[in-house]
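Undergrad: Throw the hints in and build the complete structure from the sequences for me.
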Amino acid sequence: MVNYGIAILLLPLMAFVVQIFIGKRLPRNGDWISVGAVALTLCLSLAMFGVMLVKYDPEFSVDETWTWFDLGSLQVQIGILIDNVTVVMLLVVSLVSTLVHVYSTAYMEGDLRYSRYFAFLSLFTFSMNGIVLANNLLGIYIFWELVGLSSYLLIGHWFEKDSASDAAKKAFLVNRVGDIGMFIGIMLFFTATGSFLFRDVFAGVESGLLSTEILTVAGLCLFAGAIGKSAQFPLHVWLPDAMEGPTPVSALIHAATMVAAGVYLSFRLFPIFTPTALTVIAYIGGFTAIFAAIIAVTQNDIKKVLAYSTVSQLGYMILAVGVGAYTYGLFHLVTHAAFKAGLFLCSGSVIHAMHHAYHELHDHESDPQDMRNMGGMRDKMKTTFLTMLICTVALSGVPFTSGFLSKDAILAGTLSFTMHHPEHFLLVLFGFGAALLTAFYMFRLIFMTFYGEPVRREVYDNIHESPSAMTAPLVTLATLSFFLFFTLPYFNPFSDHGWFTVLIDARDSVVPGHLNLTAHEIAEGMHHAHTPAMLLSILIAFSGIGLAVLMYLQKRISADDIAAKLSLPYKLSLNKFFVDETYQRYLINPSLILARMIAFFDWEIYDKYIVNGFGKVTEWFSRVVGIRWDYDILDQQIVDGVGRTTGFFSARLRLIQTGKVQNYLVWVLAGVIMIYVFQAI
Amino acid sequence: MVDLNTYLVIGALLFSLGLFGVITRRNGVAVLMGVELILNAANVNFVAFARFGGMDLSGHVFSLFVIILAAAEAAVALAIILNIYNNMGTINIDEADQLKQ
Amino acid sequence: MSGQLIIFWIVTLVTVLSAATVVFSKNLIYSAVALLFTLLGVAGLYVFLWADFIAVTQILIYVGGILVLIIFGIMLTHRITSVRLSHSSMQRGVGGAIVLVIFVGLTSMIFRAPWYRVAAVEPQETVRQIGRLLMIDYLLPFEVASVLLLVALMGAALLSRKVD
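Protein chains in written order, with this note's numbering: chain A, 84 to 764; chain B, 16 to 116; chain C, 207 to 370.
These aren't lab readings, by the way, just hints derived from the structure by calculation. Hints should not be assumed to be uniformly reliable.
[To be verified] Cβ-Cβ distance ranges computed for the label pairs, FRET-style:
1) A/761 with C/324: 30 to 36 Å
2) C/233 with A/751: 48 to 54 Å
3) C/210 with A/740: 27 to 33 Å
4) A/751 with C/315: 16 to 22 Å
5) A/757 with C/270: 24 to 30 Å
6) C/210 with B/84: 27 to 33 Å
7) B/101 with C/321: 44 to 50 Å
8) A/740 with C/324: 46 to 52 Å
9) B/84 with A/751: 16 to 22 Å
10) B/84 with C/321: 22 to 28 Å
11) A/761 with B/101: 30 to 36 Å
12) A/740 with C/253: 23 to 29 Å
Glycine included, each C-beta is placed from N, C-alpha and C at the ideal position.
TA: Here it is, written out as structure tokens:
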């Protein structure tokens, strides 16, 4: 099993290495390498999945640990954990990644940096698998950063566009903010328990190594990473901007997998969150859900609607973790991966068609992503329309879909939580309110894009269905949006009882103290709330759809009228509640001013006077030493002086050599006298 | 009787005069004469010591040798002086200063 | 003051005055004659010192040989005008001073030094004894002196040949 895991991990990495270095020189720019590698990982994941189903053991877990470095007092171990959750996640990642790879061969055809794109897709797959396979906080952190890097590289794929490169930077930096908190959390746990491994951390928490306060803080710090990665409020701002990247990237990273990493982490770490932390988590998730849904209602760019929808749905998953129904959060993650990726790929198909149509008309100004330029597409793009409709229905929570089951479970969990803690009634409002809005804005999207009269006839004429490389994944994902695949071996569309809920079992919390957080207690609570929640959610879903029909299909209620009447809410929603602007004004601009001040100080003062001053002093000093001392004094006076003195004396002394013997004799005698005198003395 | 010291002083006197002659005289032959004076002074010393200082007749033998040497040296010196005269036309040894720097 | 002493001092005087003449005379011939008297005076001193053989040798060789040689040299190298041209060189002052210092030094040394004195006996048969010494104790120097004489002879002959 572990070998499969390692193979799954390394195949995309090898594809990345090959692709990035020699991809351009291979036929078809080497896309078959990436596609082949990820398809292989899919096969391996399927194999693992099959083994899991055969075993059918909720307690299945394989944990392989190696010592990374051993410094005596500090031992760091890393390893791989494979249990049912891992298998499911690996399957999700590989499947969506493979579909996106195939889709991209058509979508990105003719792109300038085709092979680089596929290389980074492979890098991402490798990193995401790494997160899923890790059994320790350090490993997760490493791969966490790697997915952030891959996201940055892929969002900025068309980096000649300023908006794209800015969005990539924004994504990375906002993620970083969350990652700081996560790192602090990791180190808090490491300091307390001495290890990064999950099992050691859990054991440490269980034995009470951390006080409740510290545990809450540490848990929330770790959750901060999830806030960043899963685009929860207030770190959600990067996700809508990330739509600058190619649509397949949005589908893979910003819908199905990377953003799900935060949920996955919260899932894994549920046992160590204190009730306080969980409440905070629940509120963050719930608030994000409703907040993003409100914004999605007024957006006109098709991808932005889907982006805010993703934020909202992630909020749901986090909410699930907060209220204790965390396995259903993971359930929603899996179902959402399928239909959200499907939605994105469908929108990509539409955008692709629009783009070509504009290209034919030599129109480079109109935005192919603006829904107000679309209309009536359903006749021309039948497959795209049908698959998109199915995915939308799943997202809205209509019965017979997988989305209905997962969303319903979360709402049941929220309801049960509020029944036990009536003071948190807001959570219910958030949850159901978001569900209502979700149904509404998704069908709005469908009606604006596929129904009604086309805005421009000539554009409409040039619309074609997308090639099969693009439509095949759409069909696959739409198919997976049905309930059946998750309820096997049972066939009840209204019950989520199936292989998933059996095999993905909830664990008891290991936070010390009787906190009513055991899996049993949570499940029991949900049982009571299940039916009311289901009925309520069906009602809400249809209400939302109905409203959308009224406003956008039959145009009985004018959207503009409502916008005018509710002008303030409309403006707030349209402008994303001015969150970005607030950040810019109160966080970014002051930082820039500070940066400019420091730069001024550094450049004008430090560089000019101190650094250059050093240079000048050195120059002056070297001149003095070199010229004045060395040349003038040392060389001229001393060295030459010796020579001159010698010359002087020799010119005179040589006169002794008169050539006359008698003179020499006199000198000899003088010498003799000298000796005589000195001897006497 | 005359003491050793007297003879030694006589010898010193002769020596000094001879030295002065060697240093001072310009004529080569005159220099040679000065040299002979010096040698004679040495001889006087030797013989004086032979008489007073317990050298017995070894002093005489030394003195003999000195005389022999003086003869040889005089012969050679005069040969040189003749050569100088033939080459330079004069025996003013001040003019024999080819080694002058 | 015995007669011996008087004669001694006369001989000494002659010797010293002649030596001075040798050195100070401007006339070369005068110098040569003065040298003759100096040598004779020295011979006399030898007699006073019981060195009869040496005295005779002195006269024979020094006067008879060397002095004659010197006079020949004078004769062969004179010019009509220059035979008198024997001015002292300019080193007179310095040379005189040095010589004076040396003489003073020597004299002071002579009077200060504790000479080893032995009461001597007038030797008999000096010739025989000297001969014996030459042949037995000082044979080597004797032979060397012979070789030296030979060499000097050859050298002088070589030096004074006419170059054709």
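Undergrad: Measuring from beta carbon to beta carbon, are residue 210 of chain C and residue 740 of chain A in 27 to 33 Å?
TA: 52 Å, violated
Undergrad: Hint says 44 to 50 Å; check whether the CB-CB distance for residue 101 of chain B and residue 321 of chain C agrees.
TA: Holds, since residue 101 of chain B and residue 321 of chain C (Cβ atoms, about 48 Å apart) stay within the stated range.
Undergrad: Honestly, do residue 233 of chain C and residue 751 of chain A meet the 48 to 54 Å range at C-beta?
TA: 29 Å, violated
Undergrad: Does the hinted range 30 to 36 Å hold for residue 761 of chain A and residue 101 of chain B at CB?
TA: Given a distance of about 45 Å, which is not inside 30 to 36 Å, the answer is violated.
Undergrad: With 46 to 52 Å as the target window, see if residue 740 of chain A and residue 324 of chain C comply at their CB atoms.
TA: Roughly 48 Å apart at Cβ, these two residues keep to the hinted range, so it holds.
Undergrad: Return holds or violated for the Cβ distance of residue 751 of chain A and residue 315 of chain C against the range 16 to 22 Å.
TA: 19 Å, holds
Undergrad: Is it true that the C-beta distance of residue 757 of chain A to residue 270 of chain C lies inside 24 to 30 Å, as the hint says?
TA: 41 Å, violated
Undergrad: Does 16 to 22 Å hold as the CB distance between residue 84 of chain B and residue 751 of chain A, or does it fail?
TA: 20 Å, holds
Undergrad: Check the following: the C-beta atoms of residue 84 of chain B and residue 321 of chain C are separated by a distance inside 22 to 28 Å.
TA: 25 Å, holds
Undergrad: Regarding residue 740 of chain A and residue 253 of chain C, is the given constraint of 23 to 29 Å on their beta-carbon distance met?
TA: At 46 Å between Cβs, range violated.
Undergrad: Take a look at whether the Cβ-Cβ distance between residue 761 of chain A and residue 324 of chain C falls inside 30 to 36 Å.
TA: The hinted range 30 to 36 Å holds for residue 761 of chain A and residue 324 of chain C, with Cβ atoms some 33 Å apart.
Undergrad: Can you tell me whether the CB distance of residue 210 of chain C to residue 84 of chain B sits inside 27 to 33 Å?
TA: 32 Å, holds
Checked against the numbered hints above, the structure breaks hints 2, 3, 5, 11 and 12 and satisfies the rest.
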